[in-house]
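*Asks:* Here is how the chains run, residue by residue.
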Amino acid sequence: MQLSRYSRLRVGVAFGGLLALLGITTVASEASHTTITSYDHFLWATTTWNNYKVYLSSPRHSNSRYRGECGWEENANGRHWNMYSGGSTPSVPGNDLAARGYHVVVSANARDDGWLINRTASNNWGADLHVVTHTNADDGCPDSVQYLLVMYRDGNQNSIGLKNRFISALDPKVPGGNASWNCYGVWGECAAQAPHVAYVELFFHDNQPAVDWFQTDYGNGDAVYQHSWRYGYAVDLHLGYP
Amino acid sequence: MTVRPAIPFHRVVLRAVLAGTAVFTFYMVLTIGGASGQTVPAHPLDGYPGFGRSDAASARDNAIALWEAYLREVTTQSCMQRQSLYYAIEVHFPSEPMKNAAEWLDIGRGSSPPNAVTNSAHRATLDARDLDSHSQALYGETAADMERGSRSATPGEAAPEHAFASGACVGEASDAVGSLWDLRRDLVDAVRAFEATVRDSAALLEARAQFSLCASSVSPLPGGYPEQLRASYDEAFANFHVVGHDPFESGYQAAIQKCAGDWLRSYQDALTEAYPEFIESHGQLAAHKERYEDFEVRASQDAAFRDYVASRLFEVSG
Chain A
599 MQLSRYSRLR VGVAFGGLLA LLGITTVASE ASHTTITSYD HFLWATTTWN
649 NYKVYLSSPR HSNSRYRGEC GWEENANGRH WNMYSGGSTP SVPGNDLAAR
699 GYHVVVSANA RDDGWLINRT ASNNWGADLH VVTHTNADDG CPDSVQYLLV
749 MYRDGNQNSI GLKNRFISAL DPKVPGGNAS WNCYGVWGEC AAQAPHVAYV
799 ELFFHDNQPA VDWFQTDYGN GDAVYQHSWR YGYAVDLHLG YP
Chain B
33 MTVRPAIPFH RVVLRAVLAG TAVFTFYMVL TIGGASGQTV PAHPLDGYPG
83 FGRSDAASAR DNAIALWEAY LREVTTQSCM QRQSLYYAIE VHFPSEPMKN
133 AAEWLDIGRG SSPPNAVTNS AHRATLDARD LDSHSQALYG ETAADMERGS
183 RSATPGEAAP EHAFASGACV GEASDAVGSL WDLRRDLVDA VRAFEATVRD
233 SAALLEARAQ FSLCASSVSP LPGGYPEQLR ASYDEAFANF HVVGHDPFES
283 GYQAAIQKCA GDWLRSYQDA LTEAYPEFIE SHGQLAAHKE RYEDFEVRAS
333 QDAAFRDYVA SRLFEVSG
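Chains as they are written, first to last, in the working numbering: chain A, 599 to 840; chain B, 33 to 350.
By construction, these hints were calculated from the structure, which means they are not laboratory data. This structure is a prediction, so every number in the text was calculated from the model and none was measured. Just to be clear, a hint being listed does not mean it is correct.
Claimed, not checked - For lysine to aspartate or glutamate, the following EDC-like pairs were computed, each having C-alpha atoms within a straight-line distance of at most 20 Å:
#1 A/771 to A/820
#2 B/321 to B/214
#3 B/290 to B/339
#4 A/771 to B/278
#5 B/321 to B/122
#6 A/771 to B/267
As the list claims (entries may be wrong) - Now the in silico label distances, taken between C-beta atoms and shown as ranges:
#7 B/152 to A/814: 46 to 56 Å
#8 B/157 to A/661: 42 to 52 Å
#9 A/634 to B/158: 20 to 30 Å
Unchecked claim - Some residues of chain A that are not near chain B, with every Cβ distance over 10 Å (derived):
#10 663
#11 669
#12 670
#13 709
#14 736
#15 741
#16 742
#17 774
#18 811
All C-beta atoms, glycine included, are put in the ideal place defined by N, C-alpha and C.
Using the sequences plus the hints, can you model the full thing?
*Replies:* Structure representation (C-alpha cells):
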C-alpha cells in the first residue's frame, strides 16, 4: 500500500507524539510514589527569584515500609508531595513554589535515618524556610485515627504564623480535623536554623480512607495532584507575597 | 492533481524522532524552566555576602557557605580527634548549589569520590556503648535519640536550652566558624518588609496605577503590582479550584506577560533609590561585608578544601 505524502506526514507526527509522550512519562515518573533516592532535587525559581530559599525535607526512616503503612511507604509519601509542591511535576502549572519565585530543594528520602543530613544541608545552604513533610501513624494499618498535624517552634512567631497558614490552606481538604503542638527541643528537624520552620504530618498512613484520599485517581495520587499547590499558597500568604 | 513523490520510510521515522524531541524539549522548558531558572537582575544588596540576589552574587554566597560548611567539618573532626574518636569530613550541601559554588570557585570535577570511611559506616561497626559515646561526643545526644531524630521527652514540655543535636563537637564547630547566613537570618524578613514598603510607596503611585490599568485590560482580577495580582488570583483559585478548570489562569498569565515588565523597571529604580538608607540604618551589613573581603583568596589557597569539593563533584555528577 502506497501512502500519500500527507498520510506519511500524519503517521510521522503521530509517532512523534507517541515518542514525546513516552519521554514526558519517563520524566514525570521520576517524581512518582515509587522513588526512593539518596539524591536531592533542586528547582530554580521559574520566575524572578523572590530572595527566599525553601528546603522541603522528606522522611528518611530506615524502616520505611514497615511503619504501619496501608499504602505507599512513608518516605515516598513525603517526597512525592514535596516534588509536586516544589514544582518538579506541576499539577497546577504556575502555582507551585518554583513558579511563585522560590528556589527549592527537595531532599533525598533514602532509608538511612538521615534526618540530620537534611537539617545540615538546609542550614549550610542558608534556607529561609525549612518545611518537613512526613505522614503519621497511630497503631498500624488498619487504624481509625486521622488528622492533619502541623508542628511549630513554641514562642517563635515566624513558625507559629507558618503553621497557621499551613493549617488553613490544607485543613479544608485533608480528611479529619487538625492539631498542632510545639516540636522545638523534641524533634531534631524543628531545630533547623531557617527563620521559618514547620513540621507537617500530612495524614495517617495507617488509616485506609486517608490513604485512599492520598493515592487514588490520576494514577499517581489525587490529593497530591489536586492540593500540593496549597504549600506555595500557604508560604506566599505567610510571607506576604515577597 | 499533483502527484508527490513517495517519502522513504526512514525519513518518516527521522521526522517522527525530530517531532518527538521538539515536543519533549518544549515540555521540559515549560515544566523545569530551563537549566538554571531565570536570570536575576542586579540588586542593591548584591555586594553584601549572604544577600546576593543576582546570579553572580548568589553563586559567591553559595561558595562562601560551602567553604564555611567545610571549615565546620574540619573543626568537628579536630574536636573528635582530641577525644580519640573517629570522624570523617562530610559536608552536606544541596548538590545543585554545590555545583554552582564550585563553578564560581573554578573547581573542576575530581577523578574519584572522597575515600575516607564514612561516618555512618564507622558508626555501624561500633557496639552499643561505643556508639552512645560517639553520639554524645559528636552531638551531645544519646545514640537512641539520634536514631529516632527526637529527644526522649513528652511533646509539649518546656524546650531545653540548646537545639536537639546541636551541642558537643558540632556545637563547638558552629561557634568557632559561624556562618554568613547568620546575618541573613536576622535580616531576611526586614529586607522583605522594607521592599514591601517601597512597593507601596508614593514613589510608585503612578507605576501601580499603570499596572492596574494594564492588567484590567486582560484580567478581571484586581492588583496594583504583580504580587497583589497573584494574591487576588490565589484567592479566586482557592475558591473555584477544580483541576482542569481555572477561569482566571489565562487572564492572570496574560496580565503578567503584558504588564509586569514596565512595573519591574519602575520597581527596580525605586529600590536603587531607597536602599542606601536601609544599608546605612543596618550597620551590621558593612561589618559583615568586611569580614568576607579576603574570602576568595583564602578559599583559593585552601588546597584540602578544593580537593574535597572536587571529589564531591565526582560523587554528585556520577
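*Asks:* Can you list which hints this structure breaks, lowest number first?
*Replies:* 3, 5, 7, 8
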